[in-house]
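*Asks:* Listed here are the chains, written in short residue letters.
Protein chains: 2
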Amino acid sequence: MKIDQRVHNFSAGPSALPTEVMREMQENLLNFQGSGMSVMEMSHRGDHFMTIIEEARTRIRRLYGLDETWEVLFVHGGASLQFAMVPMNFIGQDQCADYIETGIWSTKAIKEARIQGKGVHIAATSEQDGFTQIPETFDFQEDAPFVHITTNNTVRGTQWHNLPDTNGTPLIADMSSDILSRPIDLSRFGVIYAGAQKNMGPSGVAVVLLRKEMLDRIPENLPTLLSYRTYAEKESMFNTPATFPIYAISLVTKWLEETMGGLDMMAAINARKAKSLYDAIDADWFYEGTAHAKDRSLMNVTFRLARQELEPLFVSEALKAGLSGLKGHKSVGGIRASIYNAASEEAVEALIDFMDHFKNRHR
Amino acid sequence: MKIDQRVHNFSAGPSALPTEVMREMQENLLNFQGSGMSVMEMSHRGDHFMTIIEEARTRIRRLYGLDETWEVLFVHGGASLQFAMVPMNFIGQDQCADYIETGIWSTKAIKEARIQGKGVHIAATSEQDGFTQIPETFDFQEDAPFVHITTNNTVRGTQWHNLPDTNGTPLIADMSSDILSRPIDLSRFGVIYAGAQKNMGPSGVAVVLLRKEMLDRIPENLPTLLSYRTYAEKESMFNTPATFPIYAISLVTKWLEETMGGLDMMAAINARKAKSLYDAIDADWFYEGTAHAKDRSLMNVTFRLARQELEPLFVSEALKAGLSGLKGHKSVGGIRASIYNAASEEAVEALIDFMDHFKNRHR
Chain W
1 MKIDQRVHNF SAGPSALPTE VMREMQENLL NFQGSGMSVM EMSHRGDHFM
51 TIIEEARTRI RRLYGLDETW EVLFVHGGAS LQFAMVPMNF IGQDQCADYI
101 ETGIWSTKAI KEARIQGKGV HIAATSEQDG FTQIPETFDF QEDAPFVHIT
151 TNNTVRGTQW HNLPDTNGTP LIADMSSDIL SRPIDLSRFG VIYAGAQKNM
201 GPSGVAVVLL RKEMLDRIPE NLPTLLSYRT YAEKESMFNT PATFPIYAIS
251 LVTKWLEETM GGLDMMAAIN ARKAKSLYDA IDADWFYEGT AHAKDRSLMN
301 VTFRLARQEL EPLFVSEALK AGLSGLKGHK SVGGIRASIY NAASEEAVEA
351 LIDFMDHFKN RHR
Chain P
364 MKIDQRVHNF SAGPSALPTE VMREMQENLL NFQGSGMSVM EMSHRGDHFM
414 TIIEEARTRI RRLYGLDETW EVLFVHGGAS LQFAMVPMNF IGQDQCADYI
464 ETGIWSTKAI KEARIQGKGV HIAATSEQDG FTQIPETFDF QEDAPFVHIT
514 TNNTVRGTQW HNLPDTNGTP LIADMSSDIL SRPIDLSRFG VIYAGAQKNM
564 GPSGVAVVLL RKEMLDRIPE NLPTLLSYRT YAEKESMFNT PATFPIYAIS
614 LVTKWLEETM GGLDMMAAIN ARKAKSLYDA IDADWFYEGT AHAKDRSLMN
664 VTFRLARQEL EPLFVSEALK AGLSGLKGHK SVGGIRASIY NAASEEAVEA
714 LIDFMDHFKN RHR
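So the sequences go chain by chain: W and P. Quick note on numbering: this note's numbering labels position 194 of the first sequence as 194, and the sequence is numbered without any gaps. Add 363 to a position in the second sequence, counting from 1, and you land on the number used in this note's numbering.
Hints listed in this document are in silico derivations from the structure and should not be mistaken for laboratory results. This one's a predicted model, so the numbers in the text were calculated from it and none came from an experiment. Be aware that a few hints might be false.
DSBU-like, lysine-lysine: derived pairs with alpha carbons at most 30 angstroms apart [as the list claims (entries may be wrong)]:
id : chain 1 : residue 1 : chain 2 : residue 2
1  : W       : 330       : W       : 320
2  : P       : 657       : W       : 234
3  : P       : 597       : W       : 212
4  : P       : 481       : W       : 234
5  : W       : 111       : P       : 481
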């Protein structure tokens, strides 16, 4: 591979960013818009960065059609810190929240609530199926402050395609791996959070969409940076935010709006990419999808080779062919192609071509 | 200013990074070492990033001469989250920690301990002097778990030049604005923390140096990402770390070792830069330093114009001359030149030249 050549990157996260975004970042790296400095060297209170963070916020608002009843917050860390902040902010002393367990990320979210001694009720789990599907029946409590779900499960490659009927209880969702990949029915959610490093930018920041009325539930006297209220009141600038990752988010959301044409268009492309790939998997016995077909993820396509002993060869030959990051999560093995927004249709076609060639050589 | 020209950046943070570091980052932005992707697009568990984080850790260890009794951790967020984590981890239920108050950052650290209902004793404060000096007498408790100090105060431009005698109680220090600027007597410290965005890299990550024996004091059942033990046990990789900022830290520490020649050399350069600038301020009545001379910071040089009404003109003309970020902190006004490691001697000379010319035109 030549030094200036980019691979097709199927990494589960951190993951591919649009090449045109990377080029814009590169061009401006030493001197952003004539400022004589990089975005990462400038005061977060200066005009340049204030414009950048406002653009990131506004574009996210516009992409999801968020009105003024919603806050868009940039919080330090990733989803894992959100696992702790959600119960800290939203499970009161005598309350018990509903959690739906659909994979290791939701298990971790549940664990963080329990560490704090908060009330947790498992309303459904697919653990008995090795998390290869999304549950269909739920044991919701009547007075739960929220129902927590993980909208997409990177490890097993499952995704919620229909939201559960919570009878009015707001959903709080970890949307790290499918945020901004499709339109969503916002009316069902109280809070949506997502680490940036799959569909939005570099790691180190989480985007939180929060319905303003949720702010009233937050107790006083939380550590300042662990209260969503701080981020809302200070427009995510109580302290120095993760300026460069937020800059990247502003560029990625610009690309989503201006190049890809918004979430409807992006969703159509994502559906097309996933369908081509699942069709290739389902073509015959050589490849086998691992998630239940009804719940297959459009973001993380997981499969095995019927002859599993060929999988290491598949991964290493793919890498030689310029297809990177295809090894499955260490806890389950197999193959995983993460095809987030920035994975192009060309990349998916290249993968399908490789799969065909590999099959022809090894069947 | 031409589009490819960089200003002399005196911003208090985020702040200047070495131009050669920025160039290396730029060259590799789309394709890091033949990987075909940016550092910000690659798995944190892959060989490339594992090498990067290990290099950042090792270089910090070597620069400070840290032996195996110390941990080097990369924690999400900046110093403000550390203000909360320190008491959470290190003030036990019946304990009371000593804090020395030397400016708004130490005041914020104290506030975060109190929010959690932790015992806090103010062992000294310079509030009565508007934080323009470092206290010299201390009312230490005998059994405090630690003494907290802020080694450098960006707003008022003061810095600890001699550590207080704590009679064996370990110091915990916020070293955000002078980390890696000079050698330190490590034997006095239990924990040192610093947001990256002044002397090390972009915002979004804090570096924590922690004496291993401090780990034994940490209570069980803290939220996972708020316990230093998690970062120690998982080598700062419990979840996705802020990969790109850590990459920048690896390059800045490489520059510190290989270009600047280590902390002794860096400290000598920093002392020279500060002396030139303070000499220019002290030359006559036109400029006036605002911190007590004995406690002047080598990192943030704060001063006023005797004719304060000229200060806005000073800042705007400086900017036209390619000298950026000289406006004092909004809470105190005046002029502040932040001359962290990456502010070159050439930049400081350019500032002194400008100050001379400005004085000649306006005296």
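*Asks:* All hints, please: hold or fail.
*Replies:* Do the hints match the structure? See the list:
For the hint pairing residue 330 of chain W with residue 320 of chain W, the CA-to-CA distance comes to about 21 angstroms; that is within 30 angstroms, so the pair holds. A distance of roughly 36 angstroms separates the Cα atoms of residue 657 of chain P and residue 234 of chain W; the hinted pair therefore is violated under the 30 angstroms criterion. Note on residue 597 of chain P and residue 212 of chain W: the hinted pairing is violated, with a Cα-Cα distance of about 36 angstroms set against a maximum of 30 angstroms. Only pairs whose Cα atoms come within 30 angstroms are accepted, and residue 481 of chain P paired with residue 234 of chain W is accepted, the gap being roughly 25 angstroms.
A threshold of 30 angstroms between alpha carbons decides the hint, and for residue 111 of chain W with residue 481 of chain P the separation of about 25 angstroms falls inside it, so the pair holds.
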